[in-house]
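Listed here are the chains, written in short residue letters.
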Amino acid sequence: MAKEKNIIKISETDTSEPRKTEGELLRCENIDKLFSGVQVLFSADFSMNYGEVHALMGENGAGKSTLIKIVTGVYHKDGGQLFIDGEPVEVDNPIDARALGIAVIYQELSLIPDLTVMENIYLGQELTKGGMRQKKRMRNRTLDLIKKYELNLNPDAPVEVLSMADRQMVEVLKALSQDAKLVIMDEPTSSLSASEAEHLFKTIEGLKKKGVGIMYVTHRLEEVYRIADRLTVMRNGEVVGTLAKDEINPRTVTTMMIGREIKTERQERAPRNEEMKLEVKGLSYGDILKDINFTAYGGEILGIGGLVGSGRTELVHCIYGIKKPKTGTITFNGEPVSRSVIKNINNGFGLVPEDRRQEGFNPIQTIEKNICIASYDVLAKVLGLVGAKKEREWAEKAMEDYDIRPRDRNFLVENMSGGNQQKVILARWLARKPRVLILDEPTVGVDVGVRAELYRFMRESAAKGSIIIMVSSDLFELVQISDRILVIHDGEFFEEFEGEKATQQSILLASSGEYVEEGARL
Amino acid sequence: MKKEVLKNFRVWIPRIIAFGAIFVFMAIMEPSFFAAANFIEIIRSVSVYGVMSCGMLFVVLIGGLDLSMGSMAGLCASIMFTIAQTGANTLSATLLGFVVALGVALAVGWLHGFFITTLRIPFFVVTLATKYILYGAIPLITSGTYIYVRGGTPIDKIGTSRIFDTIPILVVYFIVIALVTWFVLNKTVFGRRIYAIGGNPTAAGFVGIKVFKNTNVAYMLCTAAACIGGVILAANNQQAGTTTGNAYEGMVLMAMIVGGINLAGGQGTVSGVVFGALIIGLIQNVVTFMSWGDYLKLVQGVIILAVVIVSVVMHTRTVRGKSRKAKRLAAEPQE
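In order, the protein sequence lines correspond to chains A and B.
One point on numbering: in numbering that gives the first Met the number 0, the residue at position 255 of the first sequence is 254, and numbering is uninterrupted.
One point on numbering: in numbering that gives the first Met the number 0, the residue at position 267 of the second sequence is 266, and numbering is uninterrupted.
Next up, chain B with everything else stripped away, as it sits in the complex (with noise of 0.2 Å):
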């Protein structure tokens, strides 16, 4: 028991420097940066970002992809926001629109899943291309321009809501989101067939998984978190239209790579999730914050790469000290 709970420790130790590196950096360069309105936009980013991660961790431990996240957030979103406002903003018709936004999502998952297992398209070539087909559907729901809700609606609620007035509601969505997936894959039989297809699809088949199935059903889970993370972005932002949501499966793919999740399958853990999503989004607050104007695209890339590079390095560096630890293991004298 003492030897997991080093082991798990040795994970959070890079982790930990990752964030200790960052607040020094912004107390030296901007002490203004601890300031607790900057925490709460910190949060604000850092939850959509994470809500969406969660999702698109089901997909990548498949060992797939899915980058129409973004796209489906907007398109999710401008349902919702669409239907609320059709309806006077009241709250039926604001969860009618959740629903069907939902169901969209769930539909266009299952879809990915359809074409990428059923008739073996590349994950990569289907969800680019609903990337752009989802994002160009955008404005017939919107009718090209921004919906926009105003203060006390049930969106509003929704968004910009403050648990004892400092803490914006949307870490709320993301700490049950992810205490859920953490849930799903580590409690559930379910979980247990995603990291077996993950690792190995051909023997998960060979023990009767049914790996079609299952990996519909992590595309749809990936796009029902695209509509969620959507829908609280427009909320807080208090408006949806074609900028909701767009590239961020960009930023949530780095925050997988950040947080140690195997881009080709079966390994990545919640808790490496979390982390990616943290950093990310610390870091284009960072950036932000530091008022680089035109540069702020320019240098968040070139952070993000270089927390790539060192985050890629070290879980090398753990992985081929777990497997020399293998060798010594295996060459023990067997009696």
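Looking at chain A on its own, in the form it has when it is part of the complex (with noise of 0.2 Å):
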């Protein structure tokens, strides 16, 4: 029968071989990676136990992820040796992992809504007789296992009725159903709300004592206290170190992630321009954000930092119209903020935001046509009627002076590299000489050239008066560009630095929830 050939086994009983729960389950030597000839893994070396709950940080791009792929067979490694129990193993594509025991828990959740717990954990691999699907034997098993694990589950709930932690829950079952001994996390709380990701502790607490291994991704320190037995911090493909439960401690691992700071020449900030502000009192939005009080000033850069999931993306799009914020008020030079977009747009704001495919361009236009959408309050002011000459100049004067390429005004964006994108995008705020001009993660894909450009755009904007508001994971953008930094905690501005004074490693910090006397508490 042709259900005998899958690789993938299912235990047929829970209690049939007293399982591995002691000693060392994986152990990555030397790994390297290259692509395209560029080395991003250097000889990166990670071990784990059973049992063991080990914590894996590191910056963006410092190769967390590529570890990971390489771990369960996604990439191939350019070098070096994965050991299960042991024993040299080669990990040649994903359905050789899922054989060793090596199970990944996704971001984006791989189950169908509208199947059942059950359904979903044997989507597959349906244990079968004759062709027939055995209900009752999967529902038997799966139950078993739920028992086993001590998880709250309905077998037979559909997955669209479940929460996100459950559905995680659903997503280890799965892996589980599968004699899963090493459990991957890829950053599994950033969807979650607090009490979900207290559940999945929980969860997890279960595993270890069931010796299951579970190497745990995340850019929360919090979290790594509360439940890492060990921690191991990457930088720039490289194994920095591994640390015990009790070496664990965020000065340390926050100098590990940033190694040592380099500390370039800052661009020279333009005096403050008291007369233009922006005042945020007592702000909130959903759960995520509590308490948000702050004022920018004209002439200056005003970095938001926190981590991601922390509400900034939220918070900048209650000042800019597009959210409507719960309580709090918003004014600009003491009036308050409209909640209509198009009269913010019109009374000189503008936001170039998180995901420009989504949220920022018309892919199937014209770079002049994307210059200007946002302008037709100038460029057709009588009975909305577009001058075609007026509209050209407008895109052509804008496309000179912010240096996009091609310079070709009907180039279709969605042809363009992801920095003249950008530009595109920058430009169509910075045609009309905005007063308040939003950034959200503004160099994310984008080369180091163009970018150099961008933040020139944005100081010259500032130096003419405009308030300037980045939003940055980038810690170095953040603490090289801004005049003055908030860092977002918990729902609530918690630190203020001085753009000269902050360090990445500061920011870190207080992103954390950690106080630094770099800044001023808030």
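Worth flagging that the hints you see were computed from the coordinates, not collected in a lab.
Do not rely on the hints blindly, as some may be mistaken.
From chain A, some residues computed to sit far from chain B (all C-beta separations above 10 Å) [as the list claims (entries may be wrong)]:
1. I226
2. N248
3. E274
4. A387
5. Y514
Pairs of lysine-lysine, PhoX-like flavour, derived with a Cα cap of 25 Å [as the list claims (entries may be wrong)]:
6. K130/B with K296/B
7. K209/B with K323/A
8. K323/A with K276/A
9. K389/A with K209/B
10. K186/B with K389/A
11. K209/B with K342/A
12. K342/A with K322/A
13. K209/B with K322/A
14. K244/A with K280/A
15. K186/B with K396/A
16. K325/A with K342/A
17. K388/A with K186/B
18. K380/A with K432/A
19. K322/A with K289/A
20. K325/A with K209/B
21. K432/A with K212/B
22. K342/A with K212/B
By construction, the Cβ of each residue, glycine as well, lies at the ideal position given by its N, Cα and C atoms.
Mind assembling these two chains? They're in different frames, but the hints should get you there.
Here it is as structure tokens:
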């Protein structure tokens, strides 16, 4: 029968064989990886034991994901050796990894919402007899698993009614049903609320007791204290070191993550323009933002730091008018800021959104139309009639001023490079001489050369007296470009830094709720 | 400037070839196809498709579709004819009939928009449902029969007048509506917004475009065009009833595809729509003219499928050509 050929076997009974619960589970030795000649992993070593929660931390681009993808067979390593239970193994593809008992819980969950918990767990590996599904056997098996790992799940509930945390449980259960001994979780709490995360930690502890090894990738220090037995920190493709539970403290970890900080020349900051000010008082949004208070002034670049998911994007969306805050007041030069995006735009606001492909540009339109789309208050003053010549000149001037390539106003934006697409969106606002320009992760996917240009444009705009607010996860950028930095933690601004005094480490510590003396506690 | 003329010309090559092929085919098969009377017949059907396609263009550009156009046309014609007839076919009764019909059309268009945007029901479901509802409403208006108008009445003049005693007046409506559509799409902020919403509705919202409001307006323009199309069709036929405009949305949709309108939204021109309507109208005439009898619909379907395949292939080829050029430009050294 074809079913017999399945590589993934489901344990017939859970008590059949006492599973290994101690000793070394996985060891990676001297793993190298190159992408088209560029080395991204430098002889990385990593090991973990049964029944251990081993956290993996590092900045974006440190090599965490690459290492995981090598362990799970998505990428091929270019050097080094993997060992499972002390035996050298070759993991050439994800199927090999599964057969070896390695499972990954992906962020974008791979469950089918319409199917029940049980059906999802057995999806693609249904127990059958003579071509018929053995529903009862699968259900009993699922119940056994749920009981064994002390989870609170109903096997017959459709996945779509479950919370995000429960869906992750189902993912975990699916992995366990395939006899996974190593479960890799990649930022599992990023889509969970605090109580859901707590629920997940309890499950992780349960799994740990049963001897399952958990590799836990996270950006949040709090979680590492909470659940990790050991922590490995990566930086620029290298493993910096591994800390035992009692060695983990914020200073050590952030130093390991950031390394030696390179101080480069800061740009000259313009004098603060007190006439132009944006004030936010007592702003709250959903469960994410609790009580946000700050004032931004013209002439300065205000950086907003914090972890991904800490509510930075929601905050700027509230200011811009695309999201409605639950409470709080936003005033601009004493006047309350409108809840209508178009009114704010006409009043001199502009937003360079986080995801330029989704929220920024219209891919199937020309550079010209993408630049002009926010300026028809100027370009079509009479009866909504657009002057073709006015439009063309507006676009051509912007393309010239902000050096957009190719210099062809009829070029489709979808065919441009990421950096030039970002320039188009920035030019859309800068051409209007904005009074409040908000940039959300402005340099993601932008090459170094264009990045420097974007910084220059931001600085020039600030020098003309505009308020520039920049949200960024890039600590180097945040410290380098901002005149003042506010760090969000737990729904509030936690600490404020003057640009000169801020260091990447201090920002990172403040993002994790650790007060540092460089800044002023808020 | 020269480059742009050339680029536009490239779009027209397949269109001219398509026309040429049909004419050559007819010249060989049936020379009497070229009789003046037949051309007038062609203009008649092309004009109705053309008027309705212009309305559909707005909806397709924002990434939607209106499957109720044919039923809308029939209902509006029936309303207008009934009111005109009740008022003894005076000019004022006729005008009142048209205004009421247009009002109904705009109301339905607004409802389409409301269901699709505010209630988030797929446009497919909404307009398919209204297609049957509107169709079912026609007999209620006409008491289940057809309403005829005699020669000399205002309605008759709307439908059958001729310019210089030769050119059917319907083509004038078509030209006017096409020009207005072109103007609105290319020269007004509303047109810019329509393209922006179709290309990326989220991004449109981020630059302050009121996506829901503009979507509603697009659906209202579409039903208004259906109303005008239905009225001129019925006036030309001098009768209105359940068959008026029935299933025209299929032909309109075909005209869109042949005209190179991106059904995913955001891309399409009025010239494409005009061309699409011309080709679809021509094909229909050719098939009728060849007196294939029972096979008429079958042959018509096959020819349209062939044309659609050719135009889609042609379109993807020009698009690919463009992206090749794009890659070349992007690869150019940037000093």
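Next on the checklist: Against the 25 Å threshold, does the CA-CA distance of K130/B and K296/B hold or violate the hint?
Outcome noted: Judged against 25 Å, a Cα distance of about 22 Å means the pair holds.
Checklist entry - Is K432/A within 25 Å of K212/B, Cα to Cα? => result Not satisfied, since the Cα-Cα distance of roughly 28 Å exceeds 25 Å.
Checklist entry - Within a Cα-Cα threshold of 25 Å, do K388/A and K186/B meet the stated pairing? => result Within the cut-off at roughly 11 Å; holds.
Next on the checklist: So if I understand the rule, the pair passes when the alpha-carbon distance is 25 Å or less; does K186/B with K389/A pass?
Outcome noted: With Cα atoms ~12 Å apart, K186/B and K389/A stay inside 25 Å; holds.
Next on the checklist: Just to be careful, I want the Cα atoms of K389/A and K209/B compared with a cutoff of 25 Å; is the pair within it?
Outcome noted: 24 Å, holds
Item to check | Restraint check for K342/A with K322/A, where alpha carbons must lie at most 25 Å apart | outcome: Distance ~14 Å between K342/A and K322/A Cα, so the pair holds.
Checklist entry - In terms of Cβ atoms, is chain B entirely out of 10 Å range of Y514/A? => result Y514/A is indeed farther than 10 Å from all Cβ atoms of chain B, at 36 Å.
Next on the checklist: Just to be careful, I want the Cα atoms of K323/A and K276/A compared with a cutoff of 25 Å; is the pair within it?
Outcome noted: Answer holds: K323/A to K276/A is near 21 Å, not above 25 Å.
Checklist entry - Within a Cα-Cα threshold of 25 Å, do K325/A and K342/A meet the stated pairing? => result 20 Å, holds
Checklist entry - For the pair supplied as a hint, K186/B and K396/A, is the alpha-carbon distance within the 25 Å limit? => result 21 Å, holds
Checklist entry - I226/A: least C-beta distance to chain B exceeds 10 Å? => result Nearest chain B Cβ is 36 Å from I226/A, so the label holds.
Item to check | Agreement of K322/A and K289/A with the hint, judged by alpha carbon distance not exceeding 25 Å | outcome: 15 Å, holds
Consistency note: the structure conflicts with the earlier hints numbered 4, 14, 21.
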